[in-house]
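Order-wise, the sequence lines are chains P and G. For reference, each letter of the first sequence is one residue, going 1 to 284 in my numbering. For reference, each letter of the second sequence is one residue, going 1 to 284 in my numbering.
For the record, the hints were derived by calculation from the structure and aren't laboratory data. A portion of the hints provided could be inaccurate.
Note: identical chains are not told apart, hence a pair may lie in one copy or across any two.
Listed next, the in silico EDC-like pairs over lysine to aspartate or glutamate satisfying Cα-Cα at most 16 Å (straight line) [what the hints assert, rightly or not]:
{"id": "1", "residue 1": "LYS226", "residue 2": "ASP261"}
{"id": "2", "residue 1": "LYS226", "residue 2": "GLU42"}
{"id": "3", "residue 1": "LYS226", "residue 2": "GLU262"}
{"id": "4", "residue 1": "LYS226", "residue 2": "ASP63"}
{"id": "5", "residue 1": "LYS226", "residue 2": "GLU270"}
{"id": "6", "residue 1": "LYS226", "residue 2": "ASP216"}
In this text, all values refer to a predicted model and were calculated from it rather than measured experimentally.
There are 2 protein chains.
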Amino acid sequence: MSLQQTSITIVGIGLMGGSLVQSLRGHVGRLACVDNDPSVLELVRPLVDEVASDLSTAAGGTDLLVLATPVRSIVRLVRDLPSYFPDGCMVLDLGSTKGEIGQMMAALPPAFQAIGGHPMCGKETSGFQAAVPDLYQGQTFILCRNSRTTPELERLALELIDVVGAQPLYLDPDTHDAFVAATSHVPYLTAAALMRSVSMLADGRVWQASASGFRDSSRLSGSDPKMMLDILMTNSGPILAQLSAYRSQLAQLETLLQAGDEAELLDWLERVYAQYHAYRDAIG
Amino acid sequence: MSLQQTSITIVGIGLMGGSLVQSLRGHVGRLACVDNDPSVLELVRPLVDEVASDLSTAAGGTDLLVLATPVRSIVRLVRDLPSYFPDGCMVLDLGSTKGEIGQMMAALPPAFQAIGGHPMCGKETSGFQAAVPDLYQGQTFILCRNSRTTPELERLALELIDVVGAQPLYLDPDTHDAFVAATSHVPYLTAAALMRSVSMLADGRVWQASASGFRDSSRLSGSDPKMMLDILMTNSGPILAQLSAYRSQLAQLETLLQAGDEAELLDWLERVYAQYHAYRDAIG
Numbered sequence: 001m002s003l004q005q006t007s008i009t010i011v012g013i014g015l016m017g018g019s020l021v022q023s024l025r026g027h028v029g030r031l032a033c034v035d036n037d038p039s040v041l042e043l044v045r046p047l048v049d050e051v052a053s054d055l056s057t058a059a060g061g062t063d064l065l066v067l068a069t070p071v072r073s074i075v076r077l078v079r080d081l082p083s084y085f086p087d088g089c090m091v092l093d094l095g096s097t098k099g100e101i102g103q104m105m106a107a108l109p110p111a112f113q114a115i116g117g118h119p120m121c122g123k124e125t126s127g128f129q130a131a132v133p134d135l136y137q138g139q140t141f142i143l144c145r146n147s148r149t150t151p152e153l154e155r156l157a158l159e160l161i162d163v164v165g166a167q168p169l170y171l172d173p174d175t176h177d178a179f180v181a182a183t184s185h186v187p188y189l190t191a192a193a194l195m196r197s198v199s200m201l202a203d204g205r206v207w208q209a210s211a212s213g214f215r216d217s218s219r220l221s222g223s224d225p226k227m228m229l230d231i232l233m234t235n236s237g238p239i240l241a242q243l244s245a246y247r248s249q250l251a252q253l254e255t256l257l258q259a260g261d262e263a264e265l266l267d268w269l270e271r272v273y274a275q276y277h278a279y280r281d282a283i284g
Numbered sequence: 001m002s003l004q005q006t007s008i009t010i011v012g013i014g015l016m017g018g019s020l021v022q023s024l025r026g027h028v029g030r031l032a033c034v035d036n037d038p039s040v041l042e043l044v045r046p047l048v049d050e051v052a053s054d055l056s057t058a059a060g061g062t063d064l065l066v067l068a069t070p071v072r073s074i075v076r077l078v079r080d081l082p083s084y085f086p087d088g089c090m091v092l093d094l095g096s097t098k099g100e101i102g103q104m105m106a107a108l109p110p111a112f113q114a115i116g117g118h119p120m121c122g123k124e125t126s127g128f129q130a131a132v133p134d135l136y137q138g139q140t141f142i143l144c145r146n147s148r149t150t151p152e153l154e155r156l157a158l159e160l161i162d163v164v165g166a167q168p169l170y171l172d173p174d175t176h177d178a179f180v181a182a183t184s185h186v187p188y189l190t191a192a193a194l195m196r197s198v199s200m201l202a203d204g205r206v207w208q209a210s211a212s213g214f215r216d217s218s219r220l221s222g223s224d225p226k227m228m229l230d231i232l233m234t235n236s237g238p239i240l241a242q243l244s245a246y247r248s249q250l251a252q253l254e255t256l257l258q259a260g261d262e263a264e265l266l267d268w269l270e271r272v273y274a275q276y277h278a279y280r281d282a283i284g
């Protein structure tokens with residue numbers, strides 16, 4: 001089955017789901033959208049073949065179900081899929097953590113084909129209003145296989161990734177969760193702690209005295225709290241492990257600073273400088 | 001004395017000094033540049049009236065000296081000013097920390113007029129090659145008075161700030177140093193610890209799996225190590241104090257995450273979300 005012949009239902013029309021709608025239009029057989037916000041359904045209605053406030057209404061005729069809600073809502077949806085699709089279907093999710101979702105997918109009946117996905121694109125804004133057709137363009141789209149993953153679904157997922165302009169990267173769920181703990185969830189926590197600690201100065205002039213470095217350092221603290229809560233609660237193990245690694249690096253810096261150990265401190269900063277530039281070279 | 005009648009010598013033609021040259025051209029009586037890098041002097045020569053590798057060569061006829069070298073070099077230059085200018089002159093510095101420099105300025109002979117400055121603009125790139133005429137445009141330019149500050153010098157500094165398109169903000173040196181510790185120096189340390197802790201995963205795929213959130217969170221870790229060393233060594237007191245406040249916020253988050261205390265965690269994240277948006281509203 002090619003994408004052009006596939007009937008796709010997307011559940012959760014926020015930034016990710018809404019951007020997917022915009023980039024998949026015209027490339028798929030049929031497009032349906034499910035969201036519990038009526039105002040979002042009105043906005044997306046002109047772009048798709050069907051809208052519904054409940055998955056049970058839109059389930060019929062769906063070949064590929066794309067789950068684009070917050071993580072724990074995805075976990076519940078995957079658990080309940082057999083009641084919506086007695087004959088099974090293909091499922092791809094876009095959740096930010098992959099361990100729990102992968103376990104739920106593996107527990108689906110054999111009539112289901114399922115694969116985990118995580119497009120590495122985001123904005124500090126969220127919701128359908130922030131959706132854009134090129135959100136996925138040039139970004140990495142992580143895929144996590146599980147025991148319900150089939151070659152047919154993989155081919156379809158790779159075609160979808162190609163159509164939206166992203167590049168696939170296969171990772172096992174544990175590696176995925178460790179990587180995003182390190183590059184996304186711990187950075188969120190450090191931005192949040194930074195924002196709180198500066199706000200505690202309780203002096204409005206501090207914002208005037210701040211520059212672009214603070215704007216970038218604090219940006220993730222403006223992420224949607226409910227979305228982040230879901231992420232933190234479903235990935236606390238890898239996050240706590242990485243947070244511990246982070247704290248020990250920060251403690252080294254603090255010790256060098258307290259000691260005024262200039263030579264060691266410079267050596268440390270030069271290593272970080274080299275690591276930053278190796279990272280920038282790697283992402284191009 | 002107006003800026004148009006003022007002979008200005010800028011010492012240190014990097015990002016800040018070089019951008020100042022570009023934005024002051026045509027608005028001052030005479031412009032001279034001092035830098036110890038001959039290749040920089042060749043690049044800046046066509047833009048100014050005089051270039052020199054040493055301040056002693058360029059000192060004659062200078063009304064206003066602008067010191068735009070790293071902080072500890074500024075401290076040494078201010079200490080040695082009486083040997084370059086036996087009859088005194090006006091001095092403005094652009095150093096990133098203001099405590100030590102302010103003390104050195106206050107100790108100058110009465111023939112000197114001096115004021116501390118800190119334009120809140122930066123880039124992760126440095127050096128004259130990165131200089132642009134609009135670097136100061138729309139940015140806050142902090143001024144710190146000391147016992148050698150005169151109304152005449154203040155008027156001239158405010159005119160210079162106006163010409164480069166910045167907005168003045170008066171702070172006392174201690175408040176300045178506490179603010180930049182909070183919004184710039186601690187964020188540098190957290191970005192550095194973040195970069196080191198992710199690099200320790202030693203798996204190139206982690207960079208592919210990273211998104212724009214990590215790019216922004218880690219950006220400050222690419223700052224020039226020698227410049228940052230100067231900043232850390234001259235502002236370690238305020239930095240260590242603010243780092244302690246930061247660590248205690250991070251520890252709260254870690255405790256809530258370990259306990260899986262969902263309600264408290266959400267409350268915490270919602271407060272941060274509100275603080276972030278209050279900050280963004282404040283900076284416009």
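Checklist entry - Hint by hint, which ones does this structure get wrong, listed from lowest number up? => result 2, 4 and 6
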